Amino acid sequence: MNATTQSVGAQTRLPDGGLDSSRLFESEIASAAARVRGAGSINLGADRMADVLARAFEVWRNRDYTRRRDAIAAIAHSAGYSVALLENSIDALLKPFTSEALRAMAARVSAGGAMHRPKTLGFIAASNVAGAGIHEIAIALIAGAAVVVKTASAEPIFFAEFARTLAEVDRDAGARIEILQWSRARTDLTAALIANCERVVAYGDDLTIESLQSRPNVIGFGSRVSAAVIAPGAMTSVRIHGVTELLARDVALFEQLGCLSLHHVFAVSPDGGAARELAIRMSAALELLAESMPPARIPLRDAAEIRGVRERARWRRIAGEPVELFEGRGFEWTVIFEPRPSSFAPKSVGDDSFKVSPGFRTVHVTAVRDLGEFRDRIAGILGRIEAMAVAGHENEAADLRATIGATGIPYVCAPGEMQSPPLDWRHGGGAFLDMMVGSR
Amino acid sequence: MSIYEQVLTFIRRPEPESFERLALEVFRHQFATVDVYRRYCEGRGVDPGAVRSVDDVPAVSNVAFKYADLAIDGAARSPDAAFFLTSGTTQGRERRGRHIVARPEIYRASAIAHLRTMLFPDARRMAILAMHPTADAMPESSLAAMVSWCIEEFATRTHLAAGSRDRVDVAAAAAFLRDCQARREPVCILGTTAAFAALFSMLRNEGIRLRLAPGSRMMDTGGAKGQAVPMQSSEVIALAGESFAIAPAMVINEYGMTELCSQLYDATAFNCPGESNTQELTKDRYKIPPPWLRVTARDPITLKPMPDGEIGLLTFFDLANAASVSAVMTEDLGWIERGRVRLFGRVAGGEARGCALGIRQFAAGEAARRTPDRAEAPR
Numbered sequence: 000m001n002a003t004t005q006s007v008g009a010q011t012r013l014p015d016g017g018l019d020s021s022r023l024f025e026s027e028i029a030s031a032a033a034r035v036r037g038a039g040s041i042n043l044g045a046d047r048m049a050d051v052l053a054r055a056f057e058v059w060r061n062r063d064y065t066r067r068r069d070a071i072a073a074i075a076h077s078a079g080y081s082v083a084l085l086e087n088s089i090d091a092l093l094k095p096f097t098s099e100a101l102r103a104m105a106a107r108v109s110a111g112g113a114m115h116r117p118k119t120l121g122f123i124a125a126s127n128v129a130g131a132g133i134h135e136i137a138i139a140l141i142a143g144a145a146v147v148v149k150t151a152s153a154e155p156i157f158f159a160e161f162a163r164t165l166a167e168v169d170r171d172a173g174a175r176i177e178i179l180q181w182s183r184a185r186t187d188l189t190a191a192l193i194a195n196c197e198r199v200v201a202y203g204d205d206l207t208i209e210s211l212q213s214r215p216n217v218i219g220f221g222s223r224v225s226a227a228v229i230a231p232g233a234m235t236s237v238r239i240h241g242v243t244e245l246l247a248r249d250v251a252l253f254e255q256l257g258c259l260s261l262h263h264v265f266a267v268s269p270d271g272g273a274a275r276e277l278a279i280r281m282s283a284a285l286e287l288l289a290e291s292m293p294p295a296r297i298p299l300r301d302a303a304e305i306r307g308v309r310e311r312a313r314w315r316r317i318a319g320e321p322v323e324l325f326e327g328r329g330f331e332w333t334v335i336f337e338p339r340p341s342s343f344a345p346k347s348v349g350d351d352s353f354k355v356s357p358g359f360r361t362v363h364v365t366a367v368r369d370l371g372e373f374r375d376r377i378a379g380i381l382g383r384i385e386a387m388a389v390a391g392h393e394n395e396a397a398d399l400r401a402t403i404g405a406t407g408i409p410y411v412c413a414p415g416e417m418q419s420p421p422l423d424w425r426h427g428g429g430a431f432l433d434m435m436v437g438s439r
Numbered sequence: 000m001s002i003y004e005q006v007l008t009f010i011r012r013p014e015p016e017s018f019e020r021l022a023l024e025v026f027r028h029q030f031a032t033v034d035v036y037r038r039y040c041e042g043r044g045v046d047p048g049a050v051r052s053v054d055d056v057p058a059v060s061n062v063a064f065k066y067a068d069l070a071i072d073g074a075a076r077s078p079d080a081a082f083f084l085t086s087g088t089t090q091g092r093e094r095r096g097r098h099i100v101a102r103p104e105i106y107r108a109s110a111i112a113h114l115r116t117m118l119f120p121d122a123r124r125m126a127i128l129a130m131h132p133t134a135d136a137m138p139e140s141s142l143a144a145m146v147s148w149c150i151e152e153f154a155t156r157t158h159l160a161a162g163s164r165d166r167v168d169v170a171a172a173a174a175f176l177r178d179c180q181a182r183r184e185p186v187c188i189l190g191t192t193a194a195f196a197a198l199f200s201m202l203r204n205e206g207i208r209l210r211l212a213p214g215s216r217m218m219d220t221g222g223a224k225g226q227a228v229p230m231q232s233s234e235v236i237a238l239a240g241e242s243f244a245i246a247p248a249m250v251i252n253e254y255g256m257t258e259l260c261s262q263l264y265d266a267t268a269f270n271c272p273g274e275s276n277t278q279e280l281t282k283d284r285y286k287i288p289p290p291w292l293r294v295t296a297r298d299p300i301t302l303k304p305m306p307d308g309e310i311g312l313l314t315f316f317d318l319a320n321a322a323s324v325s326a327v328m329t330e331d332l333g334w335i336e337r338g339r340v341r342l343f344g345r346v347a348g349g350e351a352r353g354c355a356l357g358i359r360q361f362a363a364g365e366a367a368r369r370t371p372d373r374a375e376a377p378r
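Here the protein sequences come in this chain order: G and P.
392 is the number that numbering that gives the first Met the number 0 gives to position 393 of the first sequence; each next residue is one higher, with no gaps.
260 is the number that numbering that gives the first Met the number 0 gives to position 261 of the second sequence; each next residue is one higher, with no gaps.
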């Protein structure tokens, strides 16, 4: 029995497909860590692990692969996503894990020489985005670490199924990863994970990270969001259609619930006209996506929050502010367009800052006069921005990349690439990457 | 009889069977006389003549009061009108809402009538301690107006407003309560939950345990607003017993907001004699609206009323708002059971999201479960 099978066998699968962690004991976490540590003591080499991962990712990129198909169906059912939305989201997530990228990572690991890396890593996965954390897990495995993953109760499927594929591709490689699931209420089991792993990587909100980071061996990826800045060169009649389709896709994937989800688009548009056109085109693109990638079932609290966002915009408009609300028939999508703040009358406190949306395809589009105004807009939230999509003429895009690069935002990309960061993405600022492969 | 006189008559002598008819008349009056509301309804394609049920009356979000004067034409210039401002939220500095109450006498009638039912069902006057300013000191506060009316209507000569615009004078409040205790005179204490937290804290720090006379009672409102660490309802009830010797059934939380001229109160064995005692120490209390206030929980997407027992956005039709807009949708979640209301919490606004949304949602859900009946009420 391989390690992955053992881990799943340690739990009880309930009739509804859920997992019962009530019979899991601290000792089993310790045993799992010991097993992967033991498997990790056999030196497979970074190149072999990269090849194994490449083969596993290759089969997972195939939409007809049975394990992927079944996993997506199960996740879609339990999370309320449409299968089409999840298929596209997983495609985007797995896109960067090419053989070349994985081998390049292996080379980088090997070049790192004898640097001190943790040998056993624990991962506490989040439930909002299936597969979130796959970059770090792949890097950890290539770097020779053994891995124990605690999945979220709401999404226990993706990593368990991917690990099974890994074990099928290469039994020894598969033995280096175990997937367990327990409720976050079982703090005893989480403490056991932290006690039995050299480092634990936690994907959680700030409260969760704060509670875990009292432990010196925990690295946290807290709450972050993403944005886009579009220069005039990308809003010409020739380009605007393509750009807005890609931006809409960045909004829709994973229902806008991850750190790589687009919340706010800034359009460099001195008179606001091009920015308004961008908002209208994005609305049209989101409407089309609602057909091809039907929206998720929206949980009550999120729907109530979207209702609040819409009503605020609606009443600001009624009150004479130049904000415009574009909305799908139901709650399929929402676009709120705001011209530059200098034209607001009266100006509302907070209306001119970065907007974090409630998700589920709710996005703000704001005109900015120039890059300076854009910088001012995001200044207060720089530490919270994970990715920034940029588009414009070649020169404009270069300027934007330089401007954004200087702010320290970890991932700068083209529209449509937001959910596909490269393997060496400095997620959360790069602390994990530096720990595993050394700083650049 | 004018629409306002009809509403006043209803408040004085409620006839539930005529609520629907009167509500539709009030809606049509508001459509005709509240310009911005008429534009809102027209924007939604609503023909007032075609509206056959109060459930179909378009409700404005309570945030609308931040952006528009939702009052009958000319109200803002009326010398009789009262102007009440919301106090903002815990989510930071933002624009304050404004409710222009062109007919304050309806507001007063509504507030007093339901206070009488829910806080003074024994119809006795008593000493009143308000840990909040009165209307003369804070005219823009709807809660201050209620405090003043409550004192005028229900207080003996012994009363004190121990709050100013900036602070609660807990020392004066404690001294007042000591006097009442010495005279064995029952006292009614009114205030925000935050003000009670300050008073409880002071009494505890100084080791003071008062034993107020039987019949004493308290009403808190405002929930978490203004508190760094919000008190749970069960804590308020427990501390009222510990600090004042006030029985759980006499600790009554009010749910109200500047945008509504009517309020809801906890049902307890004191004001609802059939109410189960098992609810006295729990957070499972219902809130009771007056007969002139219809409450529904709405699906946030369709805005249709949810069936009894299912959670939705609490939406009100308040006849007492006759001179502004009666149909108001809040950002509070709750559910309805046989006309009674259970609060579930307030919708979060624009939280940061990221790889860990699921965990954050869990934390928010836990927080909501801990404070189901302490939603913030902007006043």
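No lab work stands behind these hints, which were simulated from the structure alone.
Note that the coordinates shown come from a computational prediction; the quantities given were computed from them, not determined experimentally.
Think of the CB as a built atom: it goes at the ideal place given N, C-alpha and C, for glycine as much as any other residue.
The reader is advised that the hints may include incorrect statements.
The calculated label-pair distances, taken between Cβ atoms and stated as ranges, are [claimed, not checked]:
hint, chain 1, residue 1, chain 2, residue 2, range
1, G, G428, P, D34, 51 to 59 Å
2, P, I300, G, S30, 41 to 49 Å
3, G, G241, P, R38, 33 to 41 Å
Quiz prompt | Structure versus earlier hints, numbers of those that do not hold, lowest first | solution = Hint check: nothing fails, all pass.
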